[in-house]
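Colleague: Protein chains in written order, with the working numbering: chain Y, 158 to 440; chain L, 918 to 1169; chain R, 27 to 350.
Be aware that one or more of the hints could be misleading.
[As the list claims (entries may be wrong)] Pair ranges (Cβ atoms, derived): (1) R:Pro111 with Y:Cys272: 28 to 36 Å; (2) R:Thr295 with L:Glu1162: 21 to 29 Å; (3) Y:Ala350 with L:Gln967: 48 to 56 Å; (4) L:Arg996 with R:Thr295: 33 to 41 Å; (5) Y:Asp337 with L:Tyr1028: 56 to 64 Å; (6) R:Asp107 with Y:Val294: 44 to 52 Å; (7) R:Asp107 with L:Arg1099: 37 to 45 Å; (8) L:Leu945 with R:Glu36: 55 to 63 Å; (9) Y:Arg295 with L:Lys920: 43 to 51 Å.
[What the hints assert, rightly or not] Computed footprint of chain R on chain L; a stretch qualifies when at least three of its residues, placed anywhere within it, have a C-beta under 8 Å from a C-beta of chain R: (10) 1068-1079; (11) 1130-1137.
Note that these hints are calculated values from the structure, not bench results.
Think of the CB as a built atom: it goes at the ideal place given N, C-alpha and C, for glycine as much as any other residue.
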Amino acid sequence: MTAQALEPYLPFAATLVERRELSPDTALFRVAPEPAARSALSGFLPGQFMQLSVPGAGEVPISPADLPGADGTLELCVRRVGQVTTLLHQARPGQPLGLRGPFGTGFPVEEMTGCPVVLLAGGLGIAPLRSLLLHLVRNRERYGEVTLMYGAREPALMLFREELVGLAAAHGLRLYLTVDFAPEQAAGEYACAVGLLPDLLKGFRFDAGQSYTAVCGPPPLYRCLIGELTAAGVAPDRVLLSLERRMRCGIGRCCHCAIGTKLCCTDGPVFRLSELAGIPEAL
Amino acid sequence: MNKPSLAIAGLTACSGCQLTLLNCEGELQEILERFQVAYFPMGQSDPDRQARYDLALVEGAVSTPGDLATLFHFRNASRLLVAFGTCALFGGIAAQHNRTTPRPKLLEAVYGNGESRPESFPPAPFKNFVSVDAGITGCPPEKGELLQLLGAVLAGTLPAFPHYPVCLECRSRETLCLLLERNQLCLGPVIQAGCNARCPATGIPCEGCRGPVAEANVAQELELLLERGFSREEIERRMSRFTVEWDYGQRR
Amino acid sequence: MENSAYLAQESLQQFLDTLGGFGTLHAPTWSESGVSLFAPVRSLDEIDLGYRRTQIPPKKYLFPFRDTFLEYREGHYRFPDGTSPATVLFGVHACDLEAIAYLDLVFLSEPRDPRYAERRAKLLLVGISCTPDEYCFCSEPQGSARCDLFLEAREGGFRVHAGTAAGAAMLGAASELLQEADAAPSGRAPSCLIPAQDPARAYSRDPLWDEFARRCVGCGACSACCPTCYCFDVRETPGLSGDGSRVREWDNCLFPSHGAVAGGNFRPTRLDRLRYRFLHKYCGFSPLEGRSSCVGCGRCKELCPVDIDLRELVAMPRGETEQP
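Isolated chain Y (complex conformation):
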């Protein structure tokens, strides 16, 4: 039994191994959990989240950008936005951190086998979807056609662009990158289109009856995308939404992350659209 399995309230020790800048305010942090905690991470599903502690500032929920590596390390894609993330951005390799988790539901990757998958990411929403994408790529033969549509505000804020382009070429993914604002030639340089994700989706032809779609992005994005997906004929139980709320405890106690009578930390953060029917505030 690991420390984590014993005490979900107690962060296990972890160490910052390295960081890689992805954009002016976002970096990818590689974090190594203490060896005793690694087994707790073995069943990790794409879409689940961890509670990351930065001693002194507190805790934030983060959906890792990949499944734990063979050495147990986690990749956390974090934007500098509050006190905890700001302190993390100041941290140097070797900095002691804390981790709790994994928590919540992940994407139903077993159920999705054999089906085409369309991933729709807006902004930092690429982080949990990258974890799903890498899972699909590593098990490429088990899934149908894989499409990623990823929209960022501007070219400089597009995360993992080169990696995504490489993955698409190597594994036959359909990749659509788009930015809200950019001079035409700049967009060309970055190999992405100018336009909004919902507009891109509007002209997209796919097997709506069979496909699973996974959406993650800033709150306003969901409504627009769901309108398009529903119109295209995707069944509500195949529209998978990774939602963000204020998840404090991660285990359904503190009650800050309620969505209707569901709790984002235990019933989510990945919900099916069908589960959110009748909850006006969900999206």
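Following the hints, position chains L and R against chain Y.
Modeller: Structure of chains L and R alone, referenced to chain Y:
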């Protein structure tokens, strides 16, 4: 590791906030071990005004050209500028008559009709002139919150003070509700907590020394107090004592 | 030893002395300023047997307002040292007992809350029958099985009933003070819980929602004083030495900060927050969906400075409560 340098200074104020630091008797030695106190005229004989500071705690309202120059100096010289106390955050006691009494009348009341009046303007909080990195409210501030701020700065962050009204702490410590049970003019519902309901716990209604809580339902508090028989003038006088800039129509 | 016995009023002081052997005795009493509260007592004359409701419910013994629940040293987190003392909480009404049973469901389900579990294991509950007043909206139960021992008022004394082994042990220790119990318990002992409501009610267009949202001053009294409100916030407090602690503290869903994240708020208006309160209280959050947590104690109604009573939105006649 270099110790962060600390400046403690005051504008138009009573120096009570600065005194809070000296009141941390049990922790003073540790504070001196962890910080290099570079500028603290109230507790130091040779303050060094030329230095750059990691952290400046500045108290008081901005009310004279000298205040403004001092404020700009500390803003420019400091990595973190903290509005230290209610005057710095909300104008405080010195600003309480800003809305009700013309300035010449106030000056006359204080300085008489003599010629030698220092140049001054209506006292105002820091936010009217500069951006601040953090605030510690209170008249005077709570020692515990000052220590939390110092600890957070040492950890490389800023403190997470709660943002709820006095009533929560007041109820939690099982104090008699002076507003409902004694019909007293208590401002608890619209005032920032953190004092652990210091006054109501000793039978004194909250006078609002910690300033407005975020998104206070000011209009309802006003209505509530009017219903309980207080006059609008009395209510506004009480509410203005520490914070003059209330929006009495605010319901958000 | 039978699980039920009769205790004459004259023996109550000695009975309390016996209970004191099981832990520090706490009971309803009055503060200096005149607030009804549970606090340590030495003798019967300090106890207010006929109290209506304490301002703060017994949850404070299990889940204190502010609680250091983690410490960190050199960047590593650990649980703080220290255990809680054994406590006998005497004179708890059926509604508050029902509330503790609800909190048990929340905090003792897997994964157990270690701080709560530790305190709960040290808390013995002695219930007492009550006389509802105009603020109560319970089913007026005369008994409760949600405690170790329950004292039901009878002519000249109490019918004492043990609901747990610990309660039976207390009865055993006090056997010399007890007489044979009379017949079965008089009153029915239904659950105090108000019936669960349809979540759709939370999104109704009833103008009362807007009226409540206009009026609510967001003082937090309703949830601080609610025996089943348990939302908590967590704050890290670094110390001067580089070590620090993590504190949890009661939160209130009517505070703007409750739904706030860096850069936004998921419940930006008071109306959003009131609907949330309704959902949590009367509809239940997962995994307790479909379960109300309102026990009818009347605290929120009595203590709200602007007379908000969310039950008006469900138009529930007095006394209509959930049958067990």
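Colleague: For every hint, state whether the structure bears it out.
Modeller: Each hint tested on the structure:
About 58 Å separates the C-beta atoms of R:Pro111 and Y:Cys272, a value inconsistent with the hinted range of 28 to 36 Å. Our hint of 21 to 29 Å for R:Thr295 and L:Glu1162 holds, since their Cβ atoms are close to 23 Å apart. Taking the beta carbon of each, Y:Ala350 and L:Gln967 are about 55 Å apart, inside 48 to 56 Å as hinted. A hinted range of 33 to 41 Å holds for the C-beta pair L:Arg996 and R:Thr295, which are about 37 Å apart.
Between Y:Asp337 and L:Tyr1028, the C-beta spacing of about 59 Å keeps the proposed range 56 to 64 Å intact. About 48 Å separates the C-beta atoms of R:Asp107 and Y:Val294, a value consistent with the hinted range of 44 to 52 Å. Between R:Asp107 and L:Arg1099 the CB atoms are about 41 Å apart, so this pair conforms to the stated range of 37 to 45 Å. Between L:Leu945 and R:Glu36 the beta carbon distance is about 59 Å. The supplied range of 55 to 63 Å therefore holds.
For Y:Arg295 paired with L:Lys920, a C-beta distance near 50 Å keeps the hint of 43 to 51 Å intact. Check on the stretch 1068-1079 of chain L: 8 of its residues sit with their Cβ under 8 Å from a Cβ of chain R, so the three-residue criterion for coverage holds. Restraint check on the stretch 1130-1137 of chain L versus chain R: 6 residues with Cβ-Cβ distances below 8 Å, three needed, restraint holds.
Checked against the numbered hints above, the structure violates only hint 1.
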